[in-house]
Amino acid sequence: KKNEFDKFTKKGGIKLREAHLIPIIKPGDEMALASVILSSIRLIKEFRRMIFSDTKISKGGHIFVFNEVIFSQFPNSRVDGLLLTVRGGVIKDAAIFEMKNGTNDLDQEQIERYKKIAESYNIPKYYLYSQATNILN
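Here the sequence shown stands for residues 1 to 137, numbered as in my numbering.
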């Protein structure tokens with residue numbers, strides 16, 4: 001449930017920021033990129049449909065987007081983004097987002113770490129994106 005998620009974050013189980021269309025972090029940074037993309041998903045219906053279709057994220061309900069996400073079980077890993085879809089106060093779907101810009105690429109160790117984070121927190125989907133790699137699950 002969304003209220004349980006809110007309590008969990010208040011207790012420090014997950015540290016996060018609300019994503020912004022105009023990021024408050026330095027432009028060009030991967031966190032800024034994630035913030036813009038996640039905010040665009042929330043605000044632009046056509047973009048949301050395209051991303052949700054590609055990632056098989058549940059449609060409908062209220063969308064919450066966060067960035068700079070640190071899960072307490074993985075304090076040394078900071079995920080670029082987290083998306084929740086909530087209907088009737090219940091989290092219907094969730095996805096981790098990781099973005100790489102420029103020539104930065106995802107390495108196998110990062111991919112495995114994000115899979116482990118997703119599994120540990122029952123997050124059914126993850127979207128890892130770089131110019132060279134695009135992984136949906």
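Derived by calculation from the structure, the hints in this document are not laboratory data. All values derive from a computational prediction rather than experimental measurement. Heads up, the beta-carbon is just placed ideally off N, CA and C, and yes, glycines get one too. Hints may contain errors.
[What the hints assert, rightly or not] Result set (BS3-like, lysine-lysine): computed pairs, CA atoms no more than 30 angstroms apart in a straight line:
1. Lys11 <-> Lys115
2. Lys59 <-> Lys1
3. Lys59 <-> Lys45
4. Lys116 <-> Lys56
5. Lys2 <-> Lys59
6. Lys1 <-> Lys116
7. Lys125 <-> Lys115
8. Lys125 <-> Lys11
9. Lys45 <-> Lys100
10. Lys116 <-> Lys7
11. Lys116 <-> Lys92
12. Lys125 <-> Lys15
13. Lys45 <-> Lys2
14. Lys45 <-> Lys125
15. Lys56 <-> Lys15
16. Lys100 <-> Lys15
17. Lys59 <-> Lys100
18. Lys45 <-> Lys15
19. Lys115 <-> Lys1
20. Lys92 <-> Lys56
21. Lys116 <-> Lys15
22. Lys10 <-> Lys125
[What the hints assert, rightly or not] Computed beta-carbon distance windows for the label pairs:
23. Leu21 <-> Lys92: 35 to 45 angstroms
24. His62 <-> Arg17: 12 to 22 angstroms
25. Gly13 <-> His62: 13 to 23 angstroms
26. Asn122 <-> Gly12: 13 to 23 angstroms
If you check the beta carbons of Asn122 and Gly12, does the distance land in 13 to 23 angstroms? holds (18 angstroms)
Check whether the Cα positions of Lys56 and Lys15 lie no farther apart than 30 angstroms. holds (26 angstroms)
Is it true that the CA of Lys1 sits at most 30 angstroms from the CA of Lys116? holds (22 angstroms)
Within a Cα-Cα threshold of 30 angstroms, do Lys92 and Lys56 meet the stated pairing? Distance of about 12 angstroms is within 30 angstroms: holds.
So if I understand the rule, the pair passes when the alpha-carbon distance is 30 angstroms or less; does Lys45 with Lys2 pass? Holds, at about 22 angstroms.
Regarding the pair Lys115 and Lys1, is the alpha-carbon distance no greater than 30 angstroms? holds (22 angstroms)
12 to 22 angstroms as the expected CB spacing between Arg17 and His62, which holds or is violated: Cβ of His62 to Cβ of Arg17: about 18 angstroms, so the range 12 to 22 angstroms holds.
Between Lys2 and Lys59, does the CA-CA distance stay at or below 30 angstroms? Distance ~16 angstroms between Lys2 and Lys59 Cα, so the pair holds.
Whether the CB-CB distance between Gly13 and His62 falls inside 13 to 23 angstroms: Distance hint for Gly13, His62 holds at roughly 21 angstroms.
Is the straight-line distance between the alpha-carbon of Lys11 and that of Lys115 30 angstroms or less? Holds - the C-alpha atoms of Lys115 and Lys11 are around 24 angstroms apart, at most 30 angstroms.
For the range 35 to 45 angstroms, tell me whether the beta carbons of Leu21 and Lys92 fit it or not. Taking Cβ atoms as reference, Leu21 and Lys92 lie about 24 angstroms apart, which means the hint is violated.
Proposed proximity, Lys1 with Lys59 (alpha carbon, max 30 angstroms): holds (17 angstroms)
Checked against the numbered hints listed earlier, the structure breaks hint 23 alone; every other hint is satisfied.
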